[in-house]
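Each chain is listed here by its residues.
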Amino acid sequence: MYRYDEFDHGFVAQRVSQFRDQVARRLTGEISEDAFKPLRLMNGVYLQLHAYMLRVAIPYGTLNSRQMRKLAHIARTYDRGYGHFTTRQNIQYNWPALSDMPAILEELAEVEMHAIQTSGNCIRNVTADHFAGAAADEVADPRPYAEILRQWSSVHPEFSFLPRKFKIAVTASERDRAAIQVHDIGLQLKKDGEGGLGFAVWIAGGQGRTPILAKKIKDFLPEEDLLSYTTAIMRVYNLHGRRDNKYKARIKILVHETGVEQLTSEIDAEWAHLKDGELKLPAADIAAINAYFAPRELDARAEGWKELAAWKKSDPGFATWVGRNVAPHRHPDYGMVTISLKPIGGIPGDASADQMDAVAKLALEFGHDEIRVTHEQNLVLPHVALADLEPLYRALLAEGLATANAGLITDIIACPGLDYCALANARSIPVAQEISNRFGDPARQAEIGDLKIKISGCINACGHHHVGHIGILGVEKKGAELYQISLGGSGDENASIGQITGPGFEPDQVTDAIETIVETYLSQRTDADETFIACYRRIGADPFKAALYGSESQAA
Amino acid sequence: MTVIWTKDGIVESDPWIEGDAEQGPKLLSLADALAHAQDNAPFGVVLQPADDVTALAPILDRVAIVALSFPAFNDGRGFSQAALLRQRLGYTGELRAVGAVLLDQVPLMLRTGFDSFEVSHAPTIARLTENRLPGIDLHYQPSADSTDAGQGYSWRRTARANG
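As given, the protein sequences belong to chains A and B, one line each in that order. Here our numbering is used: position 383 in the first sequence is 383, and no number is missing along the way. Here our numbering is used: position 42 in the second sequence is 1042, and no number is missing along the way.
Everything labelled a hint here was simulated from the structure, so no lab data went into it. Be aware that one or more of the hints could be misleading.
What the hints assert, rightly or not - Here are the computed lysine to aspartate or glutamate pairs in the EDC-like style, where the Cα-Cα straight-line distance is at most 20 Å: (1) Lys-248(A) / Asp-1075(B); (2) Lys-246(A) / Asp-1075(B); (3) Lys-165(A) / Asp-1075(B); (4) Lys-37(A) / Asp-1075(B); (5) Lys-280(A) / Asp-1039(B); (6) Lys-280(A) / Asp-1148(B); (7) Lys-218(A) / Glu-493(A).
Please take these sequences and the hints and turn them into a complete structure.
Right under this line is the structure:
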């Protein structure tokens, strides 16, 4: 993984001092709260319902055990002993004191971490496929390009006061695990006919109150043009994106109102001036960043095959966990292990300091010191020998981290909702917990199969409800919480926006409604191989609406 | 109080302070500047965020000063306008930020090519007068100001002490 050089260390140290000075000036009143707000947001500090919140960047979701131990230490020392992993591969602390922020940032800097641009109307932390560098199906590791973008976008003088936030995601396989079609820029690393690397460029996807899928505006952008082309997109957006209404300020609205052909031609015209300028990436620089992500030397561990078969036979719980949470690695003797942060009835994405320490220790022992955070709010050990799966499983079990539900109905994405968030209209966590409890039986989950439920507590859609196979959106109606349910969303390479079923449900009706939807699916599917989303796409919304609201609603 | 600040300090008796130019040279709007470009009197131009800076190209050699207006501190269009003026149009004259100019924006403005600032916010004036800017002198991008390259990767720059 990337390691800071002297320049990076110097930069982060200066950024901490800069923020310390900004906080001091805020406390003496030299900066108004209004003017301070974008400054603190650009360093990940939110003012939430009950306290300040700090969002720490985990660039492209990659971290090592030392960094994870530091995150645990911060949870223990400055928070209430836990942290919350987010859908943008970051971690949030919900209870730090503002006065502790500079100290926390200094602690993070010790392990080459920061909170830069995890919020605010700037280019946010760049995300990537959580299986990068390990997946069998990738063209190349996407993270070096995410790292180049991370560096280039850090405190960018031209793009620090954009119309609205700006999110970039990078993937490197046809199978999209980074949800690039719901990002402001989505990049898919690919090869051209001559084997040269470049990107398919998608722009203007997003969720929020106006969910729109991204449009592909370039089929192949050579890798050396990554920064010049991104600059062209950013400049056109910065100059022309709407600033009169924050709900219409994302690039998706600009593209929607201007037209994708027109905007693409403006971007290309701008790019023509920049293409051969100082932003062109020298091959040596691309190679130097790539060297940090060189594929791990993994020893042959063929003994694991036989052992695995025997362990699975003797322990059905282990077999289930391997079946759900271990995915094939590019090396046949290894697997990619998902550590579920979705215990039955738990809070999606939360991890205690002790759990973080345990994951750090296990990553060192069994995982080549590498950990990933997924946008589905789980953790991943990307390089585990099959021969080590059994002891790893035992250790995870002891920490409450061996829930065998990756991709199942209880692997729910949920935003913090009204329990924490100042923007929320409704609670998300209790809804997730109740659904998780209702469907917690392993046999029942297995029968239902792949099903993604995503819950947001407000229209800003941090819980990605628009791209949930089943999406749940909490709204406020006449002072009470109400939940709209949508069906058929997907955030992968076959992305789609879910459609609302009909009138919303009161909090105590939501889980029953989910059960009705699930039962409808089970009764309608051709066989157990037809997943929920495949079935929905075949039969449409009507059978589900009829089951939820009665058949007379179909006419309405 | 409104002052003009540059890296050399506070400018005394600046002729261009907006609304302060009964007798002196004028800051014209983009449309007026284009219309009066043939006049002999020296003039400057003040652009609003929605103005297209490239429209200035034909008359840029006759403009004594370009002012870019920041109607709100968080309206960042002026940063791109400045970058275009310096890097695309090759403008080398005075480039002034006017309007809601606050201390934490000044280092970013300097990097995108501004070299003078009309400032009214008292704490900002105080810090600028002491020449204590809250910037970072290690940069991850090339920009319009004078910086040194050669910091490991092509996109990195370092500020010059007297740049």
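So, going through the hints one by one against the coordinates:
no.: 1; hint: Lys-248(A) / Asp-1075(B); verdict: holds, 15 Å
no.: 2; hint: Lys-246(A) / Asp-1075(B); verdict: holds, 12 Å
no.: 3; hint: Lys-165(A) / Asp-1075(B); verdict: holds, 13 Å
no.: 4; hint: Lys-37(A) / Asp-1075(B); verdict: holds, 14 Å
no.: 5; hint: Lys-280(A) / Asp-1039(B); verdict: violated, 42 Å
no.: 6; hint: Lys-280(A) / Asp-1148(B); verdict: holds, 17 Å
no.: 7; hint: Lys-218(A) / Glu-493(A); verdict: holds, 16 Å
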